[in-house]
Amino acid sequence: MQQLIPPFDWHRIFVQPWTTDFSITIWVVLMGFFVTAACGLVGNYLLLRRMALIGDAISHSILPGLVLAFMIFKHNSTWVMFLGAFSAGLLTVAIIEFIHRQSRIKPDAAICIAFTVLFALGVALMSSLESQGTIHIDAECVLYGEIAFIPLEPPTVWNGMEIGPPSAVRMGIVLVVVALAIAVFYKELLVTAFDGGLAKSLGMRTSVWHYALMGALAIVVVSAFEAVGAILAVAMLIVPPMFAAQLSSILPVRLGLTVLHAGLSAVLGLHLSVWLNCSGAGAMVVAAAFLFVLAWLGTMAGSIRNRSLAVDRCSRDENLPQVRSL
Amino acid sequence: MRRLLLPLLLFGCVFLVPEVAHAVRISELTDSTMMDRAVRFFTFRDASLRNALIGSMLLGICCGLMGTFLVVRKLALMGDALSHAVLPGVALGFLWNMAKDPLAIFIGATIAGLLGAGTIQLIRNTTRHKEDAALGFVLASFFGVGICLFTMIQNVPGGNKSGLDKFMFGQAASLGRGDVWLLAVIAVLAVGTVAIFYKEYTITSFDAGFARSLGMPVQIFHYSLMLLLAFAIVSSLQAVGVVLVSAMLVIPAAAAFMLTDRLGIMLLLAAIFGLCSGAVGAFFSFVGRNLPTGPFMVLAAAAVFAIALFFGPRHGIVSRWWRQRSRSARVQRENTLKAIYHVLEGNEFRSEHVSLRELAERRRETLEDVQRQLTAVRRTGFVTLFSDAVTFTPSGWQRACEIVRNHRLWELYLTNAAHIAADHVHEDAEKIEHILGEDAVRQLEKRLNYARRDPHGKLIPGIEDISLGSIPQPADRATGFGPAPH
Chain A
49 MQQLIPPFDW HRIFVQPWTT DFSITIWVVL MGFFVTAACG LVGNYLLLRR
99 MALIGDAISH SILPGLVLAF MIFKHNSTWV MFLGAFSAGL LTVAIIEFIH
149 RQSRIKPDAA ICIAFTVLFA LGVALMSSLE SQGTIHIDAE CVLYGEIAFI
199 PLEPPTVWNG MEIGPPSAVR MGIVLVVVAL AIAVFYKELL VTAFDGGLAK
249 SLGMRTSVWH YALMGALAIV VVSAFEAVGA ILAVAMLIVP PMFAAQLSSI
299 LPVRLGLTVL HAGLSAVLGL HLSVWLNCSG AGAMVVAAAF LFVLAWLGTM
349 AGSIRNRSLA VDRCSRDENL PQVRSL
Chain B
20 MRRLLLPLLL FGCVFLVPEV AHAVRISELT DSTMMDRAVR FFTFRDASLR
70 NALIGSMLLG ICCGLMGTFL VVRKLALMGD ALSHAVLPGV ALGFLWNMAK
120 DPLAIFIGAT IAGLLGAGTI QLIRNTTRHK EDAALGFVLA SFFGVGICLF
170 TMIQNVPGGN KSGLDKFMFG QAASLGRGDV WLLAVIAVLA VGTVAIFYKE
220 YTITSFDAGF ARSLGMPVQI FHYSLMLLLA FAIVSSLQAV GVVLVSAMLV
270 IPAAAAFMLT DRLGIMLLLA AIFGLCSGAV GAFFSFVGRN LPTGPFMVLA
320 AAAVFAIALF FGPRHGIVSR WWRQRSRSAR VQRENTLKAI YHVLEGNEFR
370 SEHVSLRELA ERRRETLEDV QRQLTAVRRT GFVTLFSDAV TFTPSGWQRA
420 CEIVRNHRLW ELYLTNAAHI AADHVHEDAE KIEHILGEDA VRQLEKRLNY
470 ARRDPHGKLI PGIEDISLGS IPQPADRATG FGPAPH
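Chains A and B supply the protein sequences, listed in that same order.
Going by the working numbering, the first sequence opens with residue 49, and the numbers climb by one from there.
Going by the working numbering, the second sequence opens with residue 20, and the numbers climb by one from there.
Bound conformation, chain B alone:
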């Protein structure tokens, strides 16, 4: 994974972006001047535009990587608190020589961010306040100090103060060459650190106790992550703004979290999502005449998150709902099969057919309901339906046998092995019969010594019955279902 991560990220940078950009280009842009702007965007002629775009994409990668660790460590609001806490540092960095010097601002903001992280830790250790109060305190009070400093700077005559207000909501167009270099260095640092210490970060994120027992310096890894986080926040501030940096940290990572269970893939996806949202944000900000970049980046990321939230293949809401629906439909079908089996068994398998009426009586439902259920079952090819009579197909017989066998085996197992009274085991078996796999059934059979009768004295269908292919005929002695041989 570690070896894969770096080339894949580079691959993403080189090939994925034109893909996205193309998709945006063919979308409709009616305004001709907007069109011009869009064309200008994609020809990459302006140096400032190139800076803005590259900067936005780099910060997307940094934020995506760091955000992944925030999300899996349940520290999402730490990003929010730190991004507000760096504001006084930005102001002090500006005051250093009254100019927007990227390095001075970077150093000041990083120091403020680390101070904020330290204060959170200190409040948690020395007072009875909980995590949320500590985060809120640092967020609000540091921001208050920052606002005081900013309003004081406005009153100071002289100095190049333009662009300082961009720290609130972000403006990628204000990124200079120095800012982009800084972002590039941070991005390389973040990717490099994560790639080299991938195993260590994984273990400390998921099981700090285990990591400690292996002799890893957990605290060092935690603080190095916080340092990288502060770097990512500070370098992204100018393009995204103080308030929305936390969104760029958390949202791409949360979208990736909805799509995968593996940390490596999650890191990769989060970086890609961050990169794409950065590019889209820069595009809209440029096309719409210097609109703030941050909000559009966040909205792009939010669109990705919404898609992942609803349509993620395993954890998405819609796909989960769909799975649940199809599962409950299957359970319903299997219960109908079981009811047919019970009716046949009640007749001692004298006839191959079951009438709708018998079935409805057995299930205590109306004829229409039974009719509807049978149509659903027939669609899967388990039964055939001739006017009033229901007959198993071979596969239907097999499935019905399996369900009944699962049910009775489980009842027997619960009474024998778990010593539950025989009249209490039915409910549990009703649920488990649909999920028992073949391996589990083999084990159960073995443990129960291939028993033939369940606690209620009914026969458990065995492998011979299932392989019979149709309901037992009087001649089939092997099954035990036919009339007794004597």
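Extracted from the complex, chain A is given alone in its bound form:
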């Protein structure tokens, strides 16, 4: 046990990352924040549409897309990988719709079948490539990524200026694009998420917005994939919006809380991973889940207090006539 949990050392855990290791820490935290915020913003709309697990499905099924794109184009430039993963994501949604519409299989089973089969295909292809010795993809890296390697990438240079690690820069751009898209299409996204019938009567194309959201989801998940892996991308899609929904029922507030939650869980996660010497992305998920549990307990305590106050008031009101009669 002693070896498993290192002793708690304030200086090593909280001071050192921000002084001596600043250049590494800042990019890990920024990447974590970008991923969590971008996923969380999209996730808010998934949560409203009760499609939280579609994100789960897409994030698993982009694996065969990546492998096939590599097999076809024979090199792993970002755009090729992105194209493969994106089309695999849309294919998943299409397969789910096909199975669900064309047969008696229920949508939940359809989701489960679609993504597990695609994921199995991806792992099978990958391991056969590996046994031929052509490439080596770390299979576990697909599942939980490695955020600690981000600062080690050779930095992107733009106009002679070093900006930062390319994946962090890319994720930052994705976050900005997602935030802008939500700001521009706020009304459409709001109406289609809450009331499809109203949206149709206002002349909006609901299926177009559905697929636009799926496309945005695929983009976010694909770019988050290499940093946090498939399953932690799912966590980032679901946990921040749940945190926000626990605290507020007003959508703009929820979006703001999501971003706040993203920042907090990135910083907390970093410190946790420094302390326990464990996977950075995993620690960020644990921090995010911890924050949700805090919010959950807080609202539960609040509702219990409100209820007891209300009970008090009621009993007082009931006693009033008796008091008067005395």
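Don't take each hint at face value.
[Said to hold, decoys possible] Coverage of chain A stretches by chain B, computed from C-beta distances (three or more under 8 Å per stretch; other residues unrestricted):
#, region
1, 158–166
2, 229–238
[What the hints assert, rightly or not] Covered by chain A, according to a simulated footprint, are these stretches of chain B (three or more residues, beta-carbon under 8 Å):
#, region
3, 142–154
4, 318–324
Bear in mind the hints are in silico, worked out from the structure with no lab data behind them.
Ideal Cβ positions, reconstructed from N, Cα and C, are used throughout, including at glycine.
For this one, chain A is given, so just place chain B on it according to the hints.
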């Protein structure tokens, strides 16, 4: 059913597997070393190989049985969530004495799984989050904790850590003797529980309200199922991997769901499919030099599912499409017969023949279209076609009478019994005329007092007309169609 289930499963174990194995053997294996490996596979010489194969088949049975209940209870993603949620339990079980002890891992993982199921229930009961969010939260956060623990274990010196990474994607070859015994116990437990409480599980799965009204402890049955599910997931983890256990739960059951409407048969089929996919997965994993087993099992199961999805006799996509096509062809034929009848009726049955031209005018279609339709009808032997003239055969006359009778009876019924205006009933009758059965027609006739005329004043063909065998002659007074007797 309950008495049938157990022996049939055993029968499947003993006889079905060599069948499958043989089918794989005769498939082409060009590589000689692969051939050697395949031969080695089927001689069952290696103890580790025997463990892997038996373990894979047993887990196929467990997962198939439990998955059936997940699919019919619409809990498919519960399997996914629980299989991810057991990961921290696996890590803690390993930490218990820093070794891959099957029992410790089993206990730890089961506790984690039940904790996950409890958390899902708690989130659903105390927050406004829906089922999907609760499942996603448990899946992701438990998995996050699990990953942290795993990466921490990697940093701890000492201990036998080999084989721990197999929990992600599964490797049947890493199954030890203890693991197989554990799987066997779970399989017997699952089969036994399902067989003994078959009726109770059926009722609680399909109609919880009814079960409650009978005084059954619905919650207990739900949680006992969740416990069995956790057992099945945990014992299968090592061979299939965390991510793909849910596939082994859902896919064989979904394939069985496409093939049958009866729960007992579905359970049996799902267990058989799971068993076969397990065996095929173990085979490919062994032949291909220790490839991960899980993906190949899932792909084998997916192949079965795809076949069931497209070619299932009742619910398959292709068979349904085929049925729809033949039904619409029949409707088309019957409409042509009806049109011929109408033309004959318009002529007051003076001639036995109808010309193509009259028919085309009646249906407002081109001569070529009518020609094509008539060729289709002639193939069924309902009409004969001489150059330009169409004549009913006796069976054709009968069928045409029946269709017209169905149509007019239904129109009359709608106006009389449902009080729908006479000019609104045609559309509905156009549809129903093709599906009314003889019994329904008898009932309608009786209710309508054997009426002779429909709301538009046209005669409804009766049993005498149909039994006439050919279109009415002037002498046939009985029909009412011939010229009036006076």
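For each hint, the structure was consulted:
no. : hint    : in the structure
1   : 158–166 : holds (count 5)
2   : 229–238 : violated (count 0)
3   : 142–154 : holds (count 9)
4   : 318–324 : holds (count 3)
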